[in-house]
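*Asks:* Take these sequences, add in the hints, and give me the full structure.
2 protein chains.
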Amino acid sequence: MPRYKLTIEYEGTRYSGWQRQKNARTIQGELVKAAQTVFDGEFELYGSGRTDSGVHALGQTAHLDVRTMLAPNIICMKLNDELPADIAVRYAEKVSPRFHARHDAKARSYLYQISRRRTALGKRYVWWIKDRLNIDAMRQAANEFVGLHDFRSFTADDPDEKSTKVSVESCRVESAGDLILIRTVGSHFLWNMVRRMIGSLAEVGRGTLDVEDIRFFLKKKSDVPARLTAPPSGLFLEKVYYDSDVHSGEICPVINI
Amino acid sequence: MPRYKLTIEYEGTRYSGWQRQKNARTIQGELVKAAQTVFDGEFELYGSGRTDSGVHALGQTAHLDVRTMLAPNIICMKLNDELPADIAVRYAEKVSPRFHARHDAKARSYLYQISRRRTALGKRYVWWIKDRLNIDAMRQAANEFVGLHDFRSFTADDPDEKSTKVSVESCRVESAGDLILIRTVGSHFLWNMVRRMIGSLAEVGRGTLDVEDIRFFLKKKSDVPARLTAPPSGLFLEKVYYDSDVHSGEICPVINI
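The listed protein sequences derive, respectively, from chains A and B.
Under this note's numbering, the very last position in the first sequence is 257; numbers go up by exactly one each time.
Under this note's numbering, the very last position in the second sequence is 257; numbers go up by exactly one each time.
There could be a bad hint or two in this list.
One copy or any two copies: either way a pair holds, since identical chains are not told apart in the list.
Restricting the straight-line Cα-Cα distance to at most 30 Å, the calculated cross-link-like pairs of lysine-lysine (DSS-like) are [unchecked claim]:
1) K78 / K219
2) K130 / K78
3) K220 / K22
4) K33 / K165
5) K165 / K220
6) K130 / K165
7) K33 / K221
8) K78 / K220
9) K33 / K130
10) K221 / K78
11) K123 / K94
12) K94 / K130
13) K94 / K219
14) K94 / K165
Rather than coming from a laboratory, the hints here were simulated on the basis of the structure.
*Replies:* Here is the structure:
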């Protein structure tokens, strides 16, 4: 069957994550429902990976197998016509039937937004932290994540995951007005992993943890990062990389506060 | 009584505008409720002007008369503790008892966001227009608004308003990615005026109206702009000016899409 690559944007607030579930509203579930209406026949939809409940995406990807006469931009339009307002298909492109949204993904980048003030307009897109945060200390700690490490302290037990070793390419911390932006790029990320990295970095910023603690969590299994899991509201799956693109560029906030 | 100037940010989506009403949820109503809890006594709150139902604000202002021992930053914090999440007091400052939030305001600036694409994250903050818009034509038409004009074609009958003559200082149209940003600065704005200006500019962008039509609406009373009133979701009261500040600076989008 012909294969299409979809790039999808969503506000995760109302959803129990990406993965289709029987008794919960999910992003994949809504996409499948929309595709059923548009194509009225056989199709298959496969995502690049899961996002947790409440997590947003600027550029989630999936591949869609469907026999259709519709041009890709029309597929995009027709799916959007059926989707709820907080999910949008940004692009649809015809790809090789050998392309695989998950297996071919070389890297993912995530953006996290911490707000240093109460924001009436951005609440759904930030984690508001009242305490003063030491950004230099957070930056230093973020560097500890870079490289190939065993992230078992930073993930919940996941029967689908064979290994807890992950190669993190970068983890940058930047100040942008009242926001602190953290972007991390890696081969893949484990269940809850980014939110536990962020939660630990926030404690480093507060001064209750230090760089040594982060090093320790990466060497020995610890329960601490689990207790510090950052809320999903601040987290965005920014991009899924399939080629040798440079994984950098300016870190851009989603909302200007 | 001592007087404090408040700078207030809000998402207008859930509210019937600024002005306190008996049977509707309003921004002023929520602020008064919060102040009642914090001050538990006599106080008076006076806004710089109304915003319509559904319209947002980045920098609405009001003055608050209250006898209190609290420092301005504590007033700010305590009000925020009582306010709903979509209203935030950004700053509180002690001002002269002669300062008046409305009468002393020299100018107001409004920002309007049109989105050229379906946005899953910014829907509450934009007007999504599917048609192709000619920005150059919009820019030319926007220039027509500048100066002292009779805006009666652009306002609903308002018994509180004595004159429909308004001095518009600037009306700029800029392209920012998938957004079109329009900022207008003026001495004051009449009921529905900004949204009717924007609605008319959108028609110029679509090509169904031209610059000559805008000139005509400013010379003779016409019902057309009323029918073209733009939705409140894209509109933000950006700033209220009290001194001889330069009313310019970069136009910054609220959401980056």
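*Asks:* Determine for every hint whether it applies to the structure shown.
*Replies:* Cross-check of the supplied hints:
Proximity of K78 and K219 under a CA criterion of 30 Å is satisfied in neither setting, with 49 Å inside one chain copy and 44 Å between copies. Within a single copy, K130 and K78 get their C-alpha atoms only as close as 43 Å, which misses the 30 Å cut-off; across copies the closest is 14 Å, which meets it. Taking CA atoms no more than 30 Å apart as the test, K220 paired with K22 passes in neither setting, with 37 Å inside one copy and 61 Å between copies. In this homomeric assembly, K33 and K165 never come within 30 Å of each other (Cα to Cα): the closest approach is 35 Å inside a single copy and 53 Å across copies.
In this assembly of identical chains, K165 and K220 lie within 30 Å of each other by CA distance solely inside one copy; the values are 13 Å within and 72 Å between copies. Proximity of K130 to K165 under the C-alpha cut-off of 30 Å is found in neither arrangement, the shortest distances being 33 Å within a copy and 46 Å between copies. Taking the shortest alpha-carbon separations for K33 and K221, neither the intra-copy value of 41 Å nor the inter-copy value of 49 Å comes in at or below 30 Å. Proximity of K78 and K220 under a CA criterion of 30 Å is satisfied in neither setting, with 50 Å inside one chain copy and 43 Å between copies.
Proximity of K33 and K130 under a CA criterion of 30 Å is satisfied inter-copy only: 24 Å between copies versus 41 Å inside one chain copy. In this homomeric assembly, K221 and K78 never come within 30 Å of each other (Cα to Cα): the closest approach is 48 Å inside a single copy and 42 Å across copies. In this assembly of identical chains, the alpha carbons of K123 and K94 lie at most 30 Å apart only when taken from different copies (28 Å versus 37 Å within one copy). With identical chains, the CA atoms of K94 and K130 are at most 30 Å apart between copies only, with a shortest distance of 24 Å across copies and 47 Å within one.
With identical chains, the CA atoms of K94 and K219 are never at most 30 Å apart, being 44 Å at best within one copy and 53 Å at best between copies. For the homomeric pair K94 and K165, neither the shortest alpha-carbon distance inside one copy (33 Å) nor that between copies (56 Å) is at most 30 Å.
Hints 1, 3, 4, 6, 7, 8, 10, 13 and 14 from the list above are not met by this structure, while the remaining hints are.
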